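Peer 1: Chains A and B, in that order, give the protein sequences.
So in the UniProt record's numbering, spot 233 of the first sequence is number 233, and the numbers just go up one at a time.
So in the UniProt record's numbering, spot 161 of the second sequence is number 161, and the numbers just go up one at a time.
None of these hints come from the bench; they were simulated from the model.
It should be emphasised that the depicted structure is a prediction, and the values quoted were computed from it without experimental measurement.
A virtual CB, placed ideally from N, CA and C, is assigned to each residue, including glycine.
There may be inaccurate statements among the hints.
Below, a sample of chain B positions facing chain A; criterion: calculated Cβ distance under 8 Å [claimed, not checked]:
| id | residue |
| --- | --- |
| 1 | T11 |
| 2 | A52 |
| 3 | N53 |
| 4 | T79 |
| 5 | S82 |
| 6 | I117 |
| 7 | T370 |
| 8 | F372 |
2 protein chains.
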Amino acid sequence: MKFGGTSMAGTERIRRVANLVRKQAAGGNQVAVVVSAMAGETDRLVNFCREANALYDPAEYDVVVASGEQVTSGLLALTLQSLGAKARSWLGWQLPLRTVESHAKARVESIDGEALIASMESGEIAVIPGFQGVSDEGRITTMGRGGSDTSAVAIAAAIGADRCDIYTDVDGVYTTDPRIVAKARKLKAVTYEEMLELASVGAKVLQTRSVGLAMKEGVRVQVLSSFVGDDAVPADDLPGTMIVSEEEMNELVENGEVERQHVTGIAHDKNEAKVILTRVPDKPGAVAHIFEPLARASINVDMIIQNVGRDKGETDVTFTVPQADLARAQALLEDKRDDIGYNRLITDSKIAKISVVGVGMKSHAGVAATMFQSLADRGINIQAITTSEIKVSVMIDEDETELAVRVLHTAYGLDAADEAA
Amino acid sequence: MKFGGTSMAGTERIRRVANLVRKQAAGGNQVAVVVSAMAGETDRLVNFCREANALYDPAEYDVVVASGEQVTSGLLALTLQSLGAKARSWLGWQLPLRTVESHAKARVESIDGEALIASMESGEIAVIPGFQGVSDEGRITTMGRGGSDTSAVAIAAAIGADRCDIYTDVDGVYTTDPRIVAKARKLKAVTYEEMLELASVGAKVLQTRSVGLAMKEGVRVQVLSSFVGDDAVPADDLPGTMIVSEEEMNELVENGEVERQHVTGIAHDKNEAKVILTRVPDKPGAVAHIFEPLARASINVDMIIQNVGRDKGETDVTFTVPQADLARAQALLEDKRDDIGYNRLITDSKIAKISVVGVGMKSHAGVAATMFQSLADRGINIQAITTSEIKVSVMIDEDETELAVRVLHTAYGLDAADEAA
């Protein structure tokens with residue numbers, strides 16, 4: 001079980017978490033719990049580091065910020081004990097949870113699950129601070145913001161957990177953003193690949209890296225709300241969304257537990273910006289001149305389209321970069337103007353990317369055609385298209401984001417009313 | 001160098017500490033720094049533990065409260081780096097600083113100084129969180145409130161430090177409490193034994209246990225203010241009080257660096273309470289019936305006086321206990337009334353203990369006589385007397401505390417004007 005900062009914010013909320021944990025343990029389960037720092041605490045600690053040293057040494061930064069999770073893990077163990085459960089905390093260096101030495105953005109290298117398993121078999125609930133590990137040099141490391149999800153999945157893998165339940169402030173993964181489409185439905189299950197596509201295009205339920213790790217390690221992840229169990233919220237026994245392998249998804253469909261859909265969800269992303277370079281020489285190597293410097297500057301280029309230009313031997317090149325990197329990308333491209341040989345550099349931040357995602361489209365043709373037709377019917381202009389095996393994405397004007405999402409949600413039969421029918 | 005919570009309260013104060021540390025390092029010294037948590041932080045963390053679990057598990061309590069020093073040690077290392085110094089933090093488990101497994105009141109067992117010395121020889125300033133260690137089981141331990149002084153002395157011993165400078169919010173040890181006697185003088189040096197007597201009777205500059213450890217390990221301790229170096233305060237180079245062995249003290253006197261005094265300082269303590277048991281049978285073993293149950297309840301009995309009673313075969317027994325333990329002592333003694341066989345139990349919290357302390361009195365008779373005469377001259381009644389090799393203590397009425405301290409400070413020639421004369 002993994003709980004985020006909102007769930008751990010203060011001793012009263014920690015008591016609610018402890019009750020959820022104890023309920024799982026009372027049901028005969030061996031439980032390991034991964035916790036975040038109290039909401040706001042990591043920001044407070046990061047701020048101290050910045051005040052102490054603007055160009056901070058990530059090794060000492062890690063010493064400071066890892067303390068937030070140390071506090072909540074001790075407090076959760078204490079609270080579980082006050083409810084009559086056996087519990088103890090296991091800090092990153094105590095397990096040990098070894099990471100590759102890259103302070104402030106460490107990656108899990110290995111976890112020794114032995115002591116943890118022995119403790120759990122003796123009836124103790126294990127409480128583990130997320131986000132932190134220990135380097136080969138014996139120093140504290142942290143995994144970057146949101147790293148607790150990854151800790152949880154890695155620990156679930158190390159102890160061979162049946163399930164990794166990640167409690168968040170949403171109660172599952174939806175067919176689309178419920179703030180845009182009131183009829184959005186909570187999904188019973190999605191595959192790792194679908195979750196990755198949904199996460200990378202804006203459905204920020206889980207840290208992307210944790211989903212990738214779950215897929216690699218075959219950890220069954222469940223996303224659910226820590227407010228389940230509160231009297232105010234009527235709760236099923238398994239109210240969240242399971243994130244599973246394609247094989248398990250197929251079994252769930254065959255058993256009738258999950259309905260087969262061609263499209264599982266619709267995501268949108270307003271954080272990209274479009275860059276157009278006009279009249280780029282249409283010759284081998286020209287495109288490399290554009291993207292090589294961007295890659296070197298760690299600027300992520302997403303959609304790329306090459307249009308035939310007005311004159312022969314020249315093309316227009318269009319692509320997207322994160323809005324946060326746009327200024328940097330622009331400066332780099334102006335710097336390389338002579339190497340690339342383009343005519344004009346045009347940028348546009350007022351774009352959105354809409355993606356339809358679903359493993360079902362592997363075996364079902366026509367998903368892309370439905371998308372293009374539905375958008376065309378409502379007069380929404382498609383500026384660019386990219387596809388993968390389980391995703392079709394289009395670039396449109398940002399102002400049409402909500403309309404496009406609603407139109408597609410209906411077109412693929414995802415509206416809640418459709419299910420009831 | 002050791003800095004307390006007031007000195008570490010916030011990044012601005014930590015910067016002042018870093019400047020003091022860098023100045024020592026720039027003077028060609030290898031420096032290890034021991035730090036407390038930010039003022040108020042340990043209270044905040046202790047409070048969380050109490051909220052989580054009133055009967056908290058000290059092992060998990062230690063996990064929570066040790067985080068305060070972890071934060072300040074990382075922040076001081078970062079701040080030193082921002083000033084251009086090389087620095088790194090060493091947590092208790094990283095040194096390791098091993099303690100005997102007694103969570104929340106651990107005692108230092110051993111410190112491996114090797115890594116620390118190697119780091120310092122490579123030019124790094126070592127920053128060490130006070131108050132914390134690691135048990136043989138590999139769990140975090142803490143040493144009880146104020147334990148950072150003890151950490152500092154233990155680390156100074158482990159690395160064979162020339163000096164252990166403890167920065168506090170006073171600037172040294174005075175001949176008496178300057179709030180009572182305006183003419184109190186700061187002492188250049190006191191011996192370990194004197195400091196122990198002064199500390200145990202109310203001069204709360206250093207944690208008593210840290211002085212005992214310094215004496216045992218022969219660590220030269222200097223008490224000085226962290227506000228020295230601030231432009232507002234004119235500072236000497238060594239403005240504090242040195243706490244040294246009797247041998248070194250003798251050398252200092254012979255070299256003329258310290259003036260020989262018969263009495264070094266005068267301490268007072270208002271935290272004791274008097275207990276009188278009247279008409280206790282005057283026979284072998286009777287006194288054991290009184291003090292054995294108190295000892296078993298860990299109640300510290302200090303002064304003991306046996307008066308001859310009115311009737312033959314009976315005596316009155318008077319003694320003092322800490323006021324905080326008075327109610328418990330009273331209940332115990334009432335419980336044992338039949339065993340002891342006393343007539344009345346009389347208690348009085350309105351007493352004070354005044355002590356004159358000095359190694360000089362070993363070789364100089366008449367110190368006690370001067371005390372009794374001076375107090376008698378001012379009509380101050382002495383209710384009880386105890387003496388040790390370097391201390392004479394009297395019990396008086398609490399209301400006469402300040403008067404007695406002033407009278408004695410003058411009588412032993414300790415007033416600042418006397419020095420100038």
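Peer 1: When the hints from earlier in the document are held up against this structure, which numbers fail?
Peer 2: 6, 7 and 8
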